[in-house]
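Just need the whole structure built from these sequences, with the hints factored in.
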Amino acid sequence: MQVDIERLVADFGGPSHLADELNRLFPDEPVSRAAIYKWRERGSLPLAQLSRLAQLAAGQGRRFDFNDYLVGEPAQGAGRTIDMGDRLYIFDTTLRDGEQSPGASMTKEEKIRIARQLERLGVDIIEAGFAAASPGDFDAIHAIAETIKDSTVCSLARANERDVRAAGEAIKPAARGRIHTFIATSPIHMEKKLRMSPDEVVDAAVKAVKIAREYTDDVEFSAEDALRSDIDFLARIFGAVIEAGATTLNVPDTVGYAVPRLTEAFFRELIARTPGGDKVIWSAHCHNDLGMAVANSLAAVLGGARQVECTINGLGERAGNASLEEIVMAVKTRRDVFGVDSMVDATQIVPASKLVSTVTGYPVQPNKAIVGANAFAHESGIHQDGVLKHRETYEIMSAESVGWSANRLTLGKLSGRNAFKTKLAELGIVLDSEEALNAAFARFKELADKKREIFDEDLHALVSDQMVAIEQEHYKFVSLRIATETGEAPQANIVFVEHGQERHAESSGSGPVDAAFKAIESVAGSGAELELYSVNAITKGTESQGEVTVRLARDGRIVNGQGADTDIIVASAKAYLSALNKLSTAEKVSAQAIV
1 MQVDIERLVA
11 DFGGPSHLAD
21 ELNRLFPDEP
31 VSRAAIYKWR
41 ERGSLPLAQL
51 SRLAQLAAGQ
61 GRRFDFNDYL
71 VGEPAQGAGR
81 TIDMGDRLYI
91 FDTTLRDGEQ
101 SPGASMTKEE
111 KIRIARQLER
121 LGVDIIEAGF
131 AAASPGDFDA
141 IHAIAETIKD
151 STVCSLARAN
161 ERDVRAAGEA
171 IKPAARGRIH
181 TFIATSPIHM
191 EKKLRMSPDE
201 VVDAAVKAVK
211 IAREYTDDVE
221 FSAEDALRSD
231 IDFLARIFGA
241 VIEAGATTLN
251 VPDTVGYAVP
261 RLTEAFFREL
271 IARTPGGDKV
281 IWSAHCHNDL
291 GMAVANSLAA
301 VLGGARQVEC
311 TINGLGERAG
321 NASLEEIVMA
331 VKTRRDVFGV
341 DSMVDATQIV
351 PASKLVSTVT
361 GYPVQPNKAI
371 VGANAFAHES
381 GIHQDGVLKH
391 RETYEIMSAE
401 SVGWSANRLT
411 LGKLSGRNAF
421 KTKLAELGIV
431 LDSEEALNAA
441 FARFKELADK
451 KREIFDEDLH
461 ALVSDQMVAI
471 EQEHYKFVSL
481 RIATETGEAP
491 QANIVFVEHG
501 QERHAESSGS
511 GPVDAAFKAI
521 ESVAGSGAEL
531 ELYSVNAITK
541 GTESQGEVTV
551 RLARDGRIVN
561 GQGADTDIIV
571 ASAKAYLSAL
581 NKLSTAEKVS
591 AQAIV
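At position 362 of the sequence shown the residue is numbered 362 (UniProt numbering), and the sequence of numbers has no breaks.
By construction, these hints were calculated from the structure, which means they are not laboratory data. Just so you know, not all the hints are guaranteed correct.
[As the list claims (entries may be wrong)] Listed next, with one range per pair, are the computed distances between beta-carbon atoms:
{"no.": "1", "residue 1": "Ala34", "residue 2": "Asp341", "range": "32 to 38 Å"}
{"no.": "2", "residue 1": "Lys192", "residue 2": "Asn418", "range": "57 to 63 Å"}
{"no.": "3", "residue 1": "Asp217", "residue 2": "Pro102", "range": "35 to 41 Å"}
{"no.": "4", "residue 1": "His17", "residue 2": "Pro173", "range": "55 to 61 Å"}
[Stated by the list, open to error] Here are the simulated lysine-lysine pairs, DSS-like style, with alpha carbons at most 27 Å apart:
{"no.": "5", "residue 1": "Lys193", "residue 2": "Lys108"}
{"no.": "6", "residue 1": "Lys540", "residue 2": "Lys423"}
{"no.": "7", "residue 1": "Lys192", "residue 2": "Lys149"}
Note that this is a predicted model, so its numbers are computed, not measured. Cβ atoms here follow ideal geometry from the backbone N, Cα and C, with glycine treated the same way.
Here it is in structure tokens:
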């Protein structure tokens, strides 16, 4: 794509007038008429000038969208220009696609907690799950639909009647509900997976959308593997589902194959070719297999998409999905380029990131953009000097703007039960019974005796540890004693409950954690293989709780277990038992199973 600089300059009154206006608005950074003539000759302009042009237009009370001046591709079907508006809808799929990360399954209570935080964050649509996957998923979606008032609650459904009706029933209590139905459209998927002809795929899609409309007016249709599909066929099937009543059309890069330049051109051409394409919201859903999920999603926005499907921390199967925090802050920071606004409260980004990391057991890498521990750290002396003199020399956004200031002291050992309950409510944590509240408060008091300063993150970890596998708790930690001495094999003596019966076990091991795990297995005999073991400090300081993640695999199934305690050996035993609890529950149906 190229920029029509000549038309852009003309819209601002020509080189002389534009130079005068820019110099009036930015006297410390003068621009000569000669420089503007060079912009026209080169067909480009410095990126810094885009922001100034946007400010100039705003001061004149008129609209300025950089996308209006992009020319070149696409060639066919592009005889019309469609203004898709400047509102970007954020569709969060952490609870559905994010949960497909190996071992990242969540309990109903955990999903509700995350949904409340997503609502506080201000996401437009929460994809709460896949109702037909399991009774547990159905119940979680139904509970979230009853709880959430400000965001739209959505359920995924394959393009068949059973799935769509399950989704419709699950979202019934929602103040605003959506059904998201999909079917594959690429030649390889239709032939090898679905074993359906293109005509049969169109018929199935139209039928699914019509059934969905019986439950809600808000219906989204996705063409799985769209970016490897024939564009003529996509225009045909999208036109058909628009006629059937679909209001949002999603164009997924299911296998992470796309590249940004082609993604932008693909969206422009597809929107222009599709009958009724100007009457719906177009959506992008990109995977990160080549590390370009965010870049492709932003390219889709430039190409006309006005909804982006993403997850907190980029969580998702394989290499993950587009990262919500990166999408939101990119369009916020570079509005001069993207020309859109989301309704997300950016100060809730870091709290959401920490909650999802705690619940799923997937730690955030330190150098992760926006939410990584090093995202706003400066080691270079030159950088430190610049930031101290003027923050914007090396920071394009502030740590406070994305919620890093929220890591604050909350409660202490003298805090009472009512203060504890109120604080949990502020964090979006609601315990359903007095018994659960009393148990959590007792754990809080134990923690307060060991740790002088208790932060929001400590409370999230404490409640996660308390509520883990609460629906079907086959294994429950009671106590642990470890004996270890240099040169001697560590010895573990553990007491835990198995299926309602108290069990005592002991074992030696190569280290205290190994000894504890072997002691558990001497009774449980799960036959599972330990695939991952990680420890993270929840907050700063040597008194911090250690949060342990244990990943177990058995018969091709992978689960994560989490445990938290100021004693990391105890946390490790809790995490192992948590993983065993998840192995004891029924496995869900995959959303990518054959339709």
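Here's how the hints hold up against the structure:
In this structure the hint that Ala34 and Asp341 lie 32 to 38 Å apart at CB holds, the actual value being about 35 Å. At roughly 60 Å, the beta-carbon separation of Lys192 and Asn418 lies within the given 57 to 63 Å, and the hint holds. Remark: the range hint 35 to 41 Å for Asp217 to Pro102 is upheld by a beta-carbon distance near 36 Å. At about 58 Å, the CB distance of His17 to Pro173 agrees with the hint of 55 to 61 Å.
Distance check on the hinted pair: Lys193 and Lys108 sit about 31 Å apart at the alpha-carbon level, beyond 27 Å; violated. Proposed proximity of Lys540 and Lys423 is supported: the alpha carbons are some 21 Å apart, at most 27 Å. Between the alpha carbons of Lys192 and Lys149 the distance comes to roughly 42 Å, so the proposed pair goes past 27 Å and is violated.
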